[in-house]
Amino acid sequence: MREDDSKYIPLALPPGATAKERRGFTRLCTLLARAGFDADAGLDHAFWIAAAELGDIYNQPRLAAAAHTVIDLVDQGWTAQVDRHGPLLSPPETQAERATEKARIRRQEHLRRDAQLRQPSVRRFVEGMERPHQYNDRLVSIFNLMRDGRELADSLEANLDDRNTIQPYIQIVDGSAICELTGFRLHDVWRYFRHTWSNAYSTVPGRSMPILIRDAATQYHAVIGLAAISSPVVQIAERDTWMGWDTKQFVAALEREPTDEVARWLGRRIKTQKRELYVEDLLRDGVLQPNDLKAPTQDVVARLKADAERHRAKHHRGGTIREVRNIQTDAWVERAESHLFRSKRSSVLAETLDIQRLLGSYLGDRPTAAGLRKALADPRAKAQIGRISRRARGERVGTVIADLTVCGAVAPYNSLAAGKLVGALAASPQMLGAYRAKYSRPSEIASAMAGRPITREARLAFVGTTSLYGTGSSQYNRLFWPASAVGGSEQSRIGFHKLGRSRSFGTSHFSDETVEALVRLSEHTGGLVRVNSLFGEGVSPRLRKVRLGLASLGWSANDLLKHGRERILYGVPLVENLRDYSLGIDPEPQYLLDPEPHDAGEAVASWWFDRWARNRAAQDQVRETMREHRLVRPIQHGARVPLPTDNGDLPMPSRARHEA
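In the working numbering, the protein residues as written are 50 to 709.
Read the hints as simulated data drawn from the structure, not as lab findings.
What you are looking at is a predicted structure, and each value in this text was computed from that prediction instead of being measured.
You can trust all of the hints, since none of them are fake.
Derived DSSO-like pairs: lysine-lysine, alpha-carbon spacing no greater than 27 Å straight-line: (1) Lys297 <-> Lys423; (2) Lys611 <-> Lys547; (3) Lys611 <-> Lys594.
Could you put together the complete structure from these sequences and hints?
Written out as structure tokens, the structure is:
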């Protein structure tokens, strides 16, 4: 147990709470102190609120936010107690016994997943996919896209060496594309099987490319597994250090070896940052003068910072939110002149001109290593190099890096370690080609900043992901394959490198009703800065909402957002010049594989079958497990969405289906 795990956090209601509310909250905490953590049975909010005799708490926003928050925390293994000073809460042990830790994490994930599967709209969707419909003169349903485990086990047992028993291929889920064999929208197929995961299905802002892995050996090309390539988490210290583009690490490397190449890159970055900002309205409004772009002063930097703050405040007004949402995405000047992007442009231009003011004299018209060495000896100029690298990383992190946010196999293929197949195919030439084709188009944020179409880099250099549990990952462990399987060198290999562990910080341990209660409290107290979930406004709207709500309670967000869950970080480098290409120093990636797809993944599939599937299929126990997944009625199959039963409980799947 870490030292900070043993501390107790006081949970007093904020000023304005009535004596009755305080007494009720103390009663609730006293009851919860006796509840304890049960991995198999979650705490029902309504039951505990009624047991504490809190009454109708919807119209008591302080009490509602506090009650829902503390119930969720106790449900996740936090310990409540009440002393003479009031309620206290202590976080769970992070180095607990492995089974207990996994149970606690499952509890976190099931909080939101269970609530989602009980929503009428989700139930209608699932039941609609399972209901037969006529297509090409045949009745088909989602069950046609599952493989009967008995048939697969029998086929493998009959001939363990026949690779054609399973014939995987990649299918990119794009737009409104239809499955030619069943008539389902591909996205609906992907969404259905995603609902079988341990955690709730949700969309992510930014780039997202869902992928199906299907089996051509079956009549309807059954689904083997799912993947999704999405915009990455912007800042992960362990990943950034491993890649070599952490700011301090990068500057330290330059101090050891300044080069002409990096010096020229710094000069290009300053020019590019200015060139890709729309400034017509800044000139028109007198915030900026033409000469300021050539010879910036402290005064113009201060004016731009003030302009950014002024328009940021205007953005948080309701009318502006509707205005931004109604602007067409190709009306780039209109978007640029919205308060949101005016604020962002003024802020970036202020930073860029400040960098130019302090570093430009060392670089000159023809930057050299000698000039860079002198700049590094000046503390103020050296700081500007760090600012440039941070800005470059922030700009390119979402374009040359992607996160594997969904990755796993469904039954019965998961018994054959097909999650490893999905992981390998998610970093294959087929994925790279599809990603490049999809995103070689104007970037919404960059174009809105420039007031004209700006196309960002779409050639990936790195794919990152995390394990589901911090205690280990059977899916990504030892997952390396020959580079020759994807057109690379015979002497090298590609795969998932372990980068470290992520920090246990986030909102996964809070239910939707808790988040809603925290937002209501923020609105009631007037402390809510609008979080509008607009693309370009910033990352993690849910995190910001929870943080603001906890602040309204007067509780420590930094403590309560530590959910005690650490994940193992993995990464797949796809290029040799990872740092320099990722930052833009090198304009071209030096790929470890052939980035142009020449097959549908057959070589990777053959590697997987020989390395993993055949050995698993040879085991009697594995085949018996596969036979549990039957497509005879009543259908009992691990790839079927586990909708709540009549008593409100969710049937547990026979095996976990995913890692990322």
